[in-house]
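Engineer: The primary structure of each chain is shown beneath.
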Amino acid sequence: MADVALRKVVKRYDDVEAVRGIDLDIADHEFIVLVGPSGCGKSTTLRMIAGLEDISDGDIMIGGDVVNDVPPKDRDIAMVFQNYALYPHMTVAENMSFGLRLKHYPKAEIKARVTEAARLLDITDLIDRKPKQLSGGQRQRVAMGRAIVRNPKVFLFDEPLSNLDAKLRVQMRIEIKKVHQKVRTTTVYVTHDQVEAMTLADRVVVMNKGRIEQIGTPNELYHKPATRFVAGFIGSPAMNFIPCRLEDVGGTLQIRLTDRIAFALPPARAARYNALPRTDKLLLGLRPEHLTESHAHLEPGVESFDTVLDVTEPMGMETLVYFGLDGTPVCGRVNPNAGAKDGAPMRLAMDLNNMHLLNEATGVVL
Amino acid sequence: MSTLAIDKAGPTRKVKYGSMSRDRAWALRWSYFFLVLFAIFSLTPPLYMLITSLKSSAEISAATNPWWVFHPTLSNYVELLTSNQFLRFFWNSSMVSIVVVIITMLISIPSAFALARMKFWGSTTLATGVFLTYLIPDSLLFIPLFKMLAAVQDITGITLLNRWYVLLFVYPMLTVPFCTWIMIGYFASIPKELDEAALIDGASWLQTLTRIFIPVALPGLIAATIFAFTVSWAQFLYPLVFTTSIDQLVLPVGITTTLIKGDVFNWGQIMTGALLGAAPPLIIYAFLMDYYIAGLTAGATKG
Numbered sequence: 001m002a003d004v005a006l007r008k009v010v011k012r013y014d015d016v017e018a019v020r021g022i023d024l025d026i027a028d029h030e031f032i033v034l035v036g037p038s039g040c041g042k043s044t045t046l047r048m049i050a051g052l053e054d055i056s057d058g059d060i061m062i063g064g065d066v067v068n069d070v071p072p073k074d075r076d077i078a079m080v081f082q083n084y085a086l087y088p089h090m091t092v093a094e095n096m097s098f099g100l101r102l103k104h105y106p107k108a109e110i111k112a113r114v115t116e117a118a119r120l121l122d123i124t125d126l127i128d129r130k131p132k133q134l135s136g137g138q139r140q141r142v143a144m145g146r147a148i149v150r151n152p153k154v155f156l157f158d159e160p161l162s163n164l165d166a167k168l169r170v171q172m173r174i175e176i177k178k179v180h181q182k183v184r185t186t187t188v189y190v191t192h193d194q195v196e197a198m199t200l201a202d203r204v205v206v207m208n209k210g211r212i213e214q215i216g217t218p219n220e221l222y223h224k225p226a227t228r229f230v231a232g233f234i235g236s237p238a239m240n241f242i243p244c245r246l247e248d249v250g251g252t253l254q255i256r257l258t259d260r261i262a263f264a265l266p267p268a269r270a271a272r273y274n275a276l277p278r279t280d281k282l283l284l285g286l287r288p289e290h291l292t293e294s295h296a297h298l299e300p301g302v303e304s305f306d307t308v309l310d311v312t313e314p315m316g317m318e319t320l321v322y323f324g325l326d327g328t329p330v331c332g333r334v335n336p337n338a339g340a341k342d343g344a345p346m347r348l349a350m351d352l353n354n355m356h357l358l359n360e361a362t363g364v365v366l
Numbered sequence: 001m002s003t004l005a006i007d008k009a010g011p012t013r014k015v016k017y018g019s020m021s022r023d024r025a026w027a028l029r030w031s032y033f034f035l036v037l038f039a040i041f042s043l044t045p046p047l048y049m050l051i052t053s054l055k056s057s058a059e060i061s062a063a064t065n066p067w068w069v070f071h072p073t074l075s076n077y078v079e080l081l082t083s084n085q086f087l088r089f090f091w092n093s094s095m096v097s098i099v100v101v102i103i104t105m106l107i108s109i110p111s112a113f114a115l116a117r118m119k120f121w122g123s124t125t126l127a128t129g130v131f132l133t134y135l136i137p138d139s140l141l142f143i144p145l146f147k148m149l150a151a152v153q154d155i156t157g158i159t160l161l162n163r164w165y166v167l168l169f170v171y172p173m174l175t176v177p178f179c180t181w182i183m184i185g186y187f188a189s190i191p192k193e194l195d196e197a198a199l200i201d202g203a204s205w206l207q208t209l210t211r212i213f214i215p216v217a218l219p220g221l222i223a224a225t226i227f228a229f230t231v232s233w234a235q236f237l238y239p240l241v242f243t244t245s246i247d248q249l250v251l252p253v254g255i256t257t258t259l260i261k262g263d264v265f266n267w268g269q270i271m272t273g274a275l276l277g278a279a280p281p282l283i284i285y286a287f288l289m290d291y292y293i294a295g296l297t298a299g300a301t302k303g
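Protein chains in written order, with this note's numbering: chain A, 1 to 366; chain B, 1 to 303.
Hints in this document: simulated from the structure, not taken from any laboratory. Just so you know, even glycine gets a beta-carbon here, dropped at the ideal spot from N, CA and C. Some clues are possibly wrong.
Chain A stretches covered by chain B per the calculated footprint, using a threshold of three residues with CB under 8 Å from any CB of chain B [stated by the list, open to error]:
(1) 26 to 37
(2) 62 to 74
(3) 98 to 104
Straight-line C-alpha distance at most 30 Å; calculated DSS-like pairs for lysine-lysine [as the list claims (entries may be wrong)]:
(4) B:K261 - A:K73
(5) A:K103 - B:K192
(6) A:K178 - A:K73
(7) A:K209 - B:K119
(8) A:K182 - A:K209
(9) A:K167 - A:K132
(10) A:K132 - A:K103
(11) A:K209 - B:K192
(12) B:K192 - A:K132
(13) A:K73 - B:K192
(14) A:K209 - A:K130
(15) A:K111 - B:K119
(16) A:K177 - A:K132
(17) A:K111 - A:K130
(18) A:K132 - A:K209
(19) B:K147 - A:K103
(20) A:K103 - A:K73
(21) B:K192 - A:K177
(22) A:K132 - A:K73
(23) B:K192 - A:K167
(24) B:K147 - A:K8
(25) A:K153 - A:K73
(26) A:K130 - B:K192
(27) A:K178 - A:K167
Next up, chain A with everything else stripped away, as it sits in the complex (with noise of 0.2 Å):
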């Protein structure tokens, strides 16, 4: 088990650059999840990590070590990959001690390590069939397990839920999180989906365009997040944004949404944003959850308006309606019993308490 670092480092093809300068710290033992849009750079990133890769720039360090010109095998990583990767003609217990094999371990400590792996994982039943007699979950517990009997420094993981069904990939991701609580093993997990990223990570890594847009715990992101970008991509339905600004009525600051609607701010909001230009074209962040029904008597910094629903989704616990603000439009998340109807006014609150506003221009949360 080790830490590992990224120093400023660069991925070019050609002319394009797929990893612009990150810097990375992942502790000993901890679980990162790089997430992002498809062409973002976290799988490059990750496969650099592998030493899949060549790096055009900078440093990759693991344990303390810099491992650039340090070939795959020589790295002690595990990785699992999206597609599986198992070898055809192997059996699972070949599969899974193949690198063991391959370094001369003895085969007592062979047997004993992947006996020991099959269990953790439960696929103890199936150690003598091939990878084609085996479901996409089995194998990628198979996949797992490969991984896990090398007990290597750190363990990679490249989409590994991808390619499985959507119940299964629930199931598989909490197999995932008590493996890493079990092994313990320093962990670098790439993900698309930003569900996935929120529930397995100690900390989360969003990049877009080849560049960290922020590292933090999965709370941070979801509460604090540092731009656009973050904001809009964790979290689901999406963060909405509505354009807005800022105004001084007799002395208190409020935010202007549309010519119809303008709300006085909460003290603390006003204080942080007093400093604005007036003049700045800004975006109101607000998520679903923090537009709700109205009630009667309603929290400070809680404002209400009344709106037109479009369309409404029940999904259960909850509703979501979707209408428009000056044609932008916004989501919403209300109580099955509120009474929302597709095409039927309703009277919303606004939690302001919980907005961040946004620079149109930059994309930062201010």
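For this one, chain A is given, so just place chain B on it according to the hints.
Structural biologist: Structure of chain B alone, referenced to chain A:
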């Protein structure tokens, strides 16, 4: 709810159920028709050879129905199989073909692996080049090759011409390009993650080749083996040019040179020799086809 809706709609027009299977039946009939046609076309010559091989010389030259044996005899088989000369041809052919297959595999497999997986400067051009060499007709090459080997013989003093083993140098020039080409195809179809997994597991390139690629691409390897064996076994022009002494000849050349004397054709023995000569490739096909199972990579990745 949904069943109710369907019931209400009801079948308003008669649908031709089973039209799919009717199409299929016709497709099957046509394919059987052409398969039978093709089988007759390709099996008639061997049948004629078999019939002729069972006849005595007298019956062959007699004006009887050529498609029927009236006095079957195994004398042609006995004579050939007890003739040292014929056994010598057989031995030469076997040695040449087996060694050529080995040489071809030793060259083709590593080169195909390198060209399919190790990206290096000019690898794509080289791969195309390998295939292009195969497109040059054999008959254009034998004279320059003969001159080349004669020159080598003059310089080194090692006798190559008119020795059966000269074919070990010549045949790989015909087999290696094609075998490399098909192996490139098979290796390229192996998912990239499989060798990456092996590399991470600690395998060297050579171990990746021997322990992952060769077992996984076994069908391709067998196809290449069959090809190399057939080419070396059936080659006629090259051994005719490069070997002349009776004891150095391979089967196809041996049969024609020893069993045709002037304008006298010993048809019975020629047909027998040809049938016996066709047996080893047939046996090898039959044996290797059992291992030629498609979809050996099944289960490696999501499929």
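Engineer: Hint by hint, say whether it matches the structure.
Structural biologist: Now the hints, each set against the structure:
1. 26 to 37: violated (count 0)
2. 62 to 74: holds (count 3)
3. 98 to 104: holds (count 4)
4. B:K261 - A:K73: Given that 30 Å is the threshold and the Cα spacing comes to 67 Å, the pair is violated.
5. A:K103 - B:K192: holds (23 Å)
6. A:K178 - A:K73: Judged against 30 Å, a Cα distance of about 27 Å means the pair holds.
7. A:K209 - B:K119: Holds, at about 27 Å.
8. A:K182 - A:K209: violated (35 Å)
9. A:K167 - A:K132: holds (21 Å)
10. A:K132 - A:K103: holds (26 Å)
11. A:K209 - B:K192: holds (25 Å)
12. B:K192 - A:K132: Measuring from Cα to Cα gives roughly 18 Å; hence the hint holds.
13. A:K73 - B:K192: holds (16 Å)
14. A:K209 - A:K130: Distance ~40 Å between K209 (chain A) and K130 (chain A) Cα, so the pair is violated.
15. A:K111 - B:K119: violated (37 Å)
16. A:K177 - A:K132: Judged against 30 Å, a Cα distance of about 26 Å means the pair holds.
17. A:K111 - A:K130: Holds. K111 (chain A) to K130 (chain A) sits at ~18 Å (cutoff 30 Å).
18. A:K132 - A:K209: Since the Cα atoms of K132 (chain A) and K209 (chain A) sit roughly 37 Å apart, the hinted pair is violated (cutoff 30 Å).
19. B:K147 - A:K103: violated (51 Å)
20. A:K103 - A:K73: The given pair, whose Cα atoms are some 10 Å apart, holds under the 30 Å limit.
21. B:K192 - A:K177: holds (28 Å)
22. A:K132 - A:K73: holds (27 Å)
23. B:K192 - A:K167: holds (28 Å)
24. B:K147 - A:K8: Not OK: K147 (chain B) and K8 (chain A) at ~61 Å, beyond 30 Å, violated.
25. A:K153 - A:K73: Holds: K153 (chain A) and K73 (chain A) sit about 12 Å apart, inside 30 Å.
26. A:K130 - B:K192: holds (20 Å)
27. A:K178 - A:K167: holds (17 Å)
Checked against the numbered hints given earlier, this structure breaks hints 1, 4, 8, 14, 15, 18, 19, 24; the rest are met.
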